[in-house]
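Given these sequences and hints, build the entire structure.
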Amino acid sequence: MNDMSTTLEPMVVIAAPPPQRAMRIRFAFRGLLRNRPLAAGAAILTAILLLAIFAPLIAGHDPRAVSVGDRLLPWGADHLLGTDMLGRDIFARILYGARVSLLIGGCCALLSCLFGTVIGMISASSRLSDAIVMRVLDGVMSMPAVLLAIALMAIAGGSATNVIVAVTIVETPRCARLIRGLMLSLRERPYVEAAIAAGSGQIRLLTRHLLPSLMAPLAVQATFIWAASMLIEAALSFIGAGVPPSTPTWGNMIAEARSLWQVKPALIFVPAAALSLTILGVNLLGEGLRQAFDVKAGR
Amino acid sequence: MIGYALRRTLLAIPVMGVVAVIVFSLLYFAPGDPALVIAGDTASAEDIARIRHSLHLDQDPAVRFASWVWQLLHGDFGTSIYSGEPVLHLIGQRAGATVGLMLLATLFAVTIGITLGILAARRKGGAWDRLLAGYGTLGFSLPPFVMAYILAFVFASTLHWLPVQGFQPISAGPGPFLRTAILPALSLGIVFSALIANVTRAAMIEAMGQDYVRTAIAKGVGERTILFRHALKNAAIPIVTVIGSGVPVLIGGTVVVEGIFVVPGIGGLMVDAILHRDYPVIQAVVLLSSLVYVLTNLIIDLSYTLLDPRIRY
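Chains as they are written, first to last, in this note's numbering: chain A, 1 to 299; chain B, 1001 to 1313.
Hints are computed from structural coordinates only; laboratory data are not their basis. Hints may be right or wrong, so weigh each one.
[To be verified] Interface residues of chain A toward chain B, partial, derived using beta-carbon atoms under 7 Å:
| no. | residue |
| --- | --- |
| 1 | 115 |
| 2 | 234 |
| 3 | 239 |
Computed from a prediction, not measured in an experiment: that's the story for all the values here. Idealized CB from N, CA, C, for every residue including glycine.
And the structure:
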């Protein structure tokens, strides 16, 4: 027995780091859970994302299958949320609508942040480029976002790709402005000056010192753009300038049910609730990230 | 001051120039021939030629841009492709309803927003503060058209307090206007009020932490006087600024909300213009709403000196 304890002793010491790391992860996780907006937002979005990904398995019905005999059915075992005016299953349409909404929102957030970062950096790089880029951004930003998106869609025609392009054009300036402001203030920070003085090259300066400081405010901004782009997408579909009506989207579902809303309000309120819940999830996630990173970001 | 006002006004010109370039070049975003796209599938060759000529697509873009801007500066916004009427005339017919709605929405938003913001700032983390946090989260998550259906469902279909349709302009008298405009104005105003409330709260908390407020409390000034005379006055600039930034939010919302409440305004004109690909109308609406936004911000910038006498240019 004595032998064993002496042989065990060093093993315990060697084995020590893993529990510590596990504990650190557990602490970090507990910290995240204590950040209630972050936890709530992540929970809502994970649930919606899973429903969207596994839509073909869960839905049980083809979201496009028209069945004249099953029009405007109430909710029940076969059609969980009932059917619409063409007898299509509302639950299936909601699930497939989540795919479109999340995909468009995610693409717009990603692309706007990408272009916004590049444009913001170009703007901050010299006084001349700043003057030119900022005037152009001021011009784009003085056009009401929804109107500009509508105008772009009206001329380019309705498709999911065009919605993404239109919303990205509308949202990129906001992000570019944020990055430009951050770059101008970061440039004055002692650690950046020190890095320059130490002979750090442009690329190293950018990737090692500047980009990491931009990530937190950029992540918060991305959630704002995500929420805004889902909202614009729904508004475009609603007025008939978005994704073609053949695609089940929440905005299209609300638009199709407009004439029936006093007869069967659920046709409007079910997709409206799905849309609002998703935007709520994104907003909570953004608020949680803002608190976690302590970013002072305005809308 | 006059020098600053002039310089600030001149700064608005390049911004509007950029807007004009973007609005003009929108036409060239169209895949293929814009005249074909606008005319639709059923158009004859004659129609296409007419549209091409009326949009001056047969001219060089640079020449066309110059003459377009020249016409705009003379108040000529072109002719509607669909109805054949001057665009400015169409907009003039419908601007009243939209402006009335936006002003009422702003009134609601400012009243609710500033009140909630002050109440929340009185005690950080208190009941009003938590109420505002919930109100803000909900307000930012409900798109204006969802808000419109909720309000219409509750106050029109269920309670029968207010009508859904039959909008009356201000010229019909304040009573009928308010009865028919309250629901659309609230649908537009709630998001905006959440925005104003958040900014008011932050600005008030900042002002309440200042030395002069501490001095006022120490010498026994009443809470009401401290809140309104000392803190709110000093919090005015961010609040007024955010009110200006809400103009595009209102314009974007009105396009969607007007349809639900059947308000004969600019929003409806825009939606019809999209259906008919009535390009000059779309261009004019975007251009004029940007102009409204730029002018609002100009007035707000110039008002800073009135709000805060310490600001001198």
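Here is what the structure says about each hint:
{"no.": "1", "hint": "115", "verdict": "16 Å, violated"}
{"no.": "2", "hint": "234", "verdict": "6 Å, holds"}
{"no.": "3", "hint": "239", "verdict": "5 Å, holds"}
Going down the numbered hints, you'll see the structure goes against just number 1.
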